[in-house]
Amino acid sequence: MNRFLTALRVAFGLVFVVASLDKIADPQGFAQVVDNYRILPAVLVNPTAILLPWIELVSGLALTLGVLPRGASVVLSGLTAVFMAVLAYNISRGLDVSCGCFSVEGGETMSQALWRDAALAAVALLVLWHVFRRPGRAGEETTK
Amino acid sequence: MEDKKPKFTGRWGFLFEALVLAAVSVGLAVLANAAHPDGLPWSPEPEVALEEVTGGVSVSEAMELVRSGRGLFLDARHPEDFADGHIPGALSVPPGLFAEEVEALLADVGQDKVLVAYCSNLQCPLSHRLADALDMIGIEGVRVFEGGMQEWEQAGGSVEAGFAQGTAHGASDAGGAGS
Chain S
1 MNRFLTALRV AFGLVFVVAS LDKIADPQGF AQVVDNYRIL PAVLVNPTAI LLPWIELVSG
61 LALTLGVLPR GASVVLSGLT AVFMAVLAYN ISRGLDVSCG CFSVEGGETM SQALWRDAAL
121 AAVALLVLWH VFRRPGRAGE ETTK
Chain P
1 MEDKKPKFTG RWGFLFEALV LAAVSVGLAV LANAAHPDGL PWSPEPEVAL EEVTGGVSVS
61 EAMELVRSGR GLFLDARHPE DFADGHIPGA LSVPPGLFAE EVEALLADVG QDKVLVAYCS
121 NLQCPLSHRL ADALDMIGIE GVRVFEGGMQ EWEQAGGSVE AGFAQGTAHG ASDAGGAGS
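So the protein sequences, as listed, match chains S and P. Anchor point for the first sequence: position 107 equals 107 in our numbering, and the numbering is continuous, going up by one each time. Anchor point for the second sequence: position 169 equals 169 in our numbering, and the numbering is continuous, going up by one each time.
Hints in this document: simulated from the structure, not taken from any laboratory. Careful, some of the hints might be misleading.
[What the hints assert, rightly or not] For lysine to any residue, the following SDA-like pairs were computed, each having C-alpha atoms within a straight-line distance of at most 25 Å:
(1) P:Lys113 x P:Val142
(2) P:Lys113 x S:Ala42
(3) P:Lys113 x S:Arg38
(4) P:Lys113 x S:Leu40
(5) P:Lys113 x S:Asn36
(6) P:Lys113 x P:Arg67
(7) P:Lys113 x P:Pro125
(8) P:Lys113 x S:Pro41
Model the full assembly from the supplied sequences, consistent with the hints where possible.
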């Protein structure tokens with residue numbers, strides 16, 4: 001069970017690492033994606049496009065490697081929740097824009113992305129439980 | 001090994017961890033953005049001070065008004081043209097509406113909205129006529145996006161088709177406020 005949860009933690013972190021790479025490589029494209037969501041005011045679009053991928057990458061790497069795992073799992077679970085809320089909000093008002101979740105290019109529909117994020121949220125809960133169960137020790141494989 | 005102390009102890013230790021991660025992320029993001037050939041400016045180009053400007057609206061300003069939601073666009077063309085494609089969120093105010101119909105149409109519009117009339121292109125007269133007609137019935141300060149639909153589409157502006165709720169289908173009577 002522990003191994004399974006550790007693997008889940010690594011996988012959850014890697015999801016965000018992978019998701020961040022294309023956004024970091026193409027900041028203009030990602031800024032367009034953020035803008036397309038029509039949620040943030042203009043002054044926040046570029047700062048979000050600059051910061052968000054790095055938060056994903058740094059926290060994703062941290063969780064994967066077991067560095068500061070509690071903070072990283074909270075940050076990434078929070079992001080998952082925010083992404084779901086944003087997707088649900090845009091679906092509810094009939095605005096089907098490019099998800100931009102893993103790539104700044106389009107691809108999947110909003111509802112597909114929402115279902116995927118729901119699965120991710122389930123993983124997030126398991127990871128949170130795993131990491132917080134033994135405060136400070138989870139993820140420190142060297143203590144075995 | 002069992003008693004090895006975690007880096008940040010206590011119930012709220014995860015918050016400190018999260019702050020450390022956030023600080024590292026911000027630092028790397030700033031550096032990476034500065035180093036990236038297509039790095040983004042942190043703030044968009046300064047907004048035009050709308051209070052000081054009256055009259056014509058440039059296409060870039062029009063886009064900013066649509067994007068920020070601060071503008072309300074009034075499509076002065078005929079309903080058929082409006083249905084074929086208009087600036088997103090625009091209201092159809094075709095020629096031939098009565099003053100009361102126009103007032104009803106604009107009754108729900110917030111005071112903070114910038115009203116912008118437009119029609120097909122630089123040559124079309126309908127947008128100016130609409131602005132003048134609105135001025136006559138007490139709706140002052142309506143500005144005109146002179147480039148109209150043509151300039152909008154050339155600049156890559158998104159286009160909405162059909163009739164949204166709340167737009168008026170033009171009455172064909174002559175002598176209305178918009179004609």
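Going through the hints against the structure:
1. The hinted pair formed by Lys113 (chain P) and Val142 (chain P) meets the criterion: a straight-line CA distance of about 10 Å does not exceed 25 Å.
2. Taking the CA atoms of Lys113 (chain P) and Ala42 (chain S), the gap is about 17 Å. The hint holds against a cut of 25 Å.
3. For a cut-off of 25 Å, the pair hint linking Lys113 (chain P) to Arg38 (chain S) stands: about 18 Å separates their Cα positions.
4. The suggested pairing of Lys113 (chain P) with Leu40 (chain S) holds, with an alpha-carbon distance near 18 Å, which does not exceed 25 Å.
5. A hinted pair counts as satisfied when its Cα atoms are at most 25 Å apart, and Lys113 (chain P) with Asn36 (chain S) qualifies at roughly 22 Å.
6. For the hint linking Lys113 (chain P) to Arg67 (chain P), the alpha-carbon distance of about 13 Å falls within 25 Å, and the restraint holds.
7. For the suggested pair Lys113 (chain P) and Pro125 (chain P), the alpha carbons sit about 23 Å apart, so the restraint of at most 25 Å is met.
8. At most 25 Å may separate the alpha-carbon atoms for a hinted pair to count; Lys113 (chain P) and Pro41 (chain S) meet this at roughly 16 Å.
When held up to the earlier numbered hints, the structure conflicts with none and fits them all.
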